[in-house]
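Could you slot chains B and C onto chain A? The hints should help.
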Amino acid sequence: MAGLLLSPSEKVYILHGIEDDFRSDGRSNIDYRPMELETDVVSHASGSARLRLANTDILVGVKTEIDVPKPDKPNQGKIDFFVDCSANATPEFEGRGGEQLANNISNLMQRAYHSEQAFDLKQLSIFEGKQCWKLYVDILILECGGNLCDAVSLAVKAALFNTRIPFVKAALLDGGNVDLQLSDDPYDSKLLEVGTAPLLVTLCKIGEKCVVDPSAEEESCSVISLVVGVTGNPKCYCSNEDASKLHEHISKCSTIAMNGPGSVAPQTLTNAIKQGINAAKYLDEALGKALLRERQDITNFVKHSYGFFK
Amino acid sequence: MPGPDLLSSQGLRLDGRRPNELRRIRCKLGVFTQPDGSAYLEQGNTKVLAAVYGPHQASKSKSSSEGVVVNCQYSMATFSTGERKNRPRGDRKSQEMSMHLRQALTAAIKTEMYPRSQIDIYVEVLQADGGAYCASVNASTLALIDAGIPLKAYVCSCSASMAYKDGVPEPLLDVGHVEEAAGGVTLTVASLPSTGSIALLELSHRLHSDYFETVLSRAMQGCRDIEIILDKAVREHLAEGWTKQDVITI
Amino acid sequence: MPLDYRRFNGPEDSVSYRRFTEDYTKDYKQFLDELIDENGRRKGGREMDEARTLCMFFARTGMISQAKGSSYIELKRTKVACSVFDPREIVHQNEYSTLGQLYCEVKFAPFSCRGERKALVPDSDERALSVALKKALEPAVCRHLFPNYQIDIFIYILENDGACLPAAINAAGLALSDAAVPMYDIITASSVAISGDKIFVDPTDDEEQLAIRNHDGVNHGVITMSMLPELQQVSDYRQIGSMDADCVLNALSILEKECKKIVPYVQRVLVQNAINSFEQQKKLEEEAKEREEALNAKMEVWKSILNVG
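Protein chains in written order, with our numbering: chain A, 1 to 310; chain B, 311 to 560; chain C, 561 to 869.
One or more of the hints may lead you astray.
[Claimed, not checked] DSS-like cross-link-like pairs, simulated, lysine-lysine; straight-line CA separation at most 25 Å:
no. : chain 1 : residue 1 : chain 2 : residue 2
1   : C       : K694      : A       : K73
2   : C       : K589      : A       : K70
3   : A       : K169      : A       : K78
4   : B       : K395      : A       : K134
5   : B       : K542      : A       : K78
6   : A       : K274      : C       : K758
7   : C       : K667      : A       : K70
8   : A       : K70       : C       : K678
9   : A       : K310      : B       : K542
10  : A       : K78       : C       : K678
11  : A       : K274      : C       : K817
12  : C       : K678      : A       : K73
13  : A       : K235      : A       : K310
14  : A       : K70       : B       : K395
15  : C       : K589      : A       : K122
If you are wondering where the hints come from, they were derived from the structure by calculation, not from laboratory data.
Here chain A stands alone, though its shape is the one from the complex:
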């Protein structure tokens, strides 16, 4: 991160704190920092969200386009992740400097959303084999203060929750062409089912322990971190009466990856995966609550737009 220089004694201080389950900002090893989330911040996008996790600032915009489905998946739509590391975050990202980090994050997101159990692409189909929606999930990293992966996954889920896709009537014409009819009313649209969308949890191994939500300083003390992608619980993302109709949910791992140049013992890996699944469950519940409250405010026209003015 930008000009982050820590002396060996500062690193030792962080390390000893984590050993005693007491981190330099007063958290315990399993605590997240406070977050601010706002949806519907970019008017040119179909759905958008801005998440600020301490110093990490992520803006996500979802754009929709009509595309032709892949021949081997005729009844599925497409989803594409694009990460842009803005030079606002650090001068190192100027030009193409942030490309490698951006690719890593977008690949990770692509893998996490790969399984149908994580995100059902069938809901994006318009006409089987002919037309489908393609979602462009554009992630803009405005400031990095550690724990990018978690913040990105939270913001993406919020933006997808906020995304509206217009209703389209499709009819097959002669010669295999498809005629699409779009309604003029912008409110004539459907919301996506994103309850199962995965959240990523980064577990940063510092010393002998793993911590969640590492700050930039803590990240620089660690050589290896584990990213666990866990599917969400759809019950947290709908009203109570709808929730009772849903099946009991088991959270599953939709991706696991390791970041950084180090390695870990198998036992640590096992513990970290368990810890990650646990953390993701609470994170998912909190996100669901916040998003439902936000949606309530939007439908009642009482939502206050803060943007960057807060």
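Frame of chain A; chains B and C shown alone:
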């Protein structure tokens, strides 16, 4: 040659403004903690973030003993425009914008204060609805002030266009995207209003020289108005004292 | 993408004819039945937990003479060649890096995959594999021994029949040792494909395809893990698909065992490599001695001629 119909019979523009009216400008200094200075500025529906790093030691190839090197990068978020952009930066338009930004800002910065140094100014357009360049210049000015870099004066930018009401020419201030797209001529001015000098002048296409004077004076008037708004924002920001975000962690 | 004009390029929206064959319309059940026979064995006659390494593991070093170190691995129909080049100084680098860098590039041969022909420019698959390979190898190499230098590792996949990432990691491990790059430990990798309660160890391409498909919300996915077996360290762990925690942990223990099973094979290849190089050295020395003797003999002859003269 009456251009496209940009003024209604009541003398109002497509978005309901009067010809000499700016769009609403809202801004905030110090939105981020990591850069040395940052600002967010909304001009109507155009939203821009600017961050300033520096002054710091210049890289060897760029270093000049005359004065500070001003390095600008203009990039647009992929979701900022109606149609999705494939690349946030690096295309011709962004590079041109970066150059123009550099020109306008170099005129305002007291470059002789920091020889062999470099100032990085990064502008990110989050939402583009016409006048992205103007908003970028205005946001950069605020970010430079937030970074505490000595300026000769506020550098403000504003655009103006030309319309005809009942055959009488009437310049329009602060052109929006709809008016830009309608094909009217756009004159973009970046100026230092308090010194009365112009840092950059750009004309999108041809304009009869008879009208040039009126359009330019309208744009300059806009710059002066913007300066007042920016000045107010800076004073308010400073009145708050040290913002709570300036707390140092660790 | 540059087009190859020497070949006939079909229209851009053309689809492979396989799309319309019967194979394509098979549902999950048929697919599964085809892969596993009534005795619970897999198509190639392997048991579910039997890796290809056990019935046939063909590996050798010194495959490419121009490279400093090279290797070739063949797991039935997955064939991978790897070459490693000398450390070289990193050019155009802004900062001095105290650790050496690894540059990995994975390339599929145009004819390596079923269905589509692979283009010459690297696609996203290849880039992802390159990143994964780099991540897996980094903890194994003593990078502090060559600061500001980089080692280039090139993988060429000649034929892909599943598990190409583990094959690439194994091959790269061999090639690195062949190139005498200092390493902390042997590096081995293995993968499993999971579909429901079936766990395919060292999957083929078909089995991987099956595992990627979602069926009725059961566990599915592919996991690749690489290990430094003696040090008991996991250098990379990569999963796609969706599965619950028990399944992940179960797979983890299977993979750990599999990675250890490969070690003796790798050791054998390395020992063979060492023996070969010793023998070659000996041979070279002998040849040199012979040449010297011949030279001395000739010298004697010339001397005697000169003395006579």
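A quick look at each hint next to the structure:
no.	hint	in the structure
1	K694(C) - K73(A)	31 Å, violated
2	K589(C) - K70(A)	23 Å, holds
3	K169(A) - K78(A)	19 Å, holds
4	K395(B) - K134(A)	15 Å, holds
5	K542(B) - K78(A)	47 Å, violated
6	K274(A) - K758(C)	22 Å, holds
7	K667(C) - K70(A)	24 Å, holds
8	K70(A) - K678(C)	17 Å, holds
9	K310(A) - K542(B)	18 Å, holds
10	K78(A) - K678(C)	22 Å, holds
11	K274(A) - K817(C)	21 Å, holds
12	K678(C) - K73(A)	20 Å, holds
13	K235(A) - K310(A)	31 Å, violated
14	K70(A) - K395(B)	22 Å, holds
15	K589(C) - K122(A)	21 Å, holds
The structure fails hints 1, 5 and 13 (numbered hints given earlier, in ascending order).
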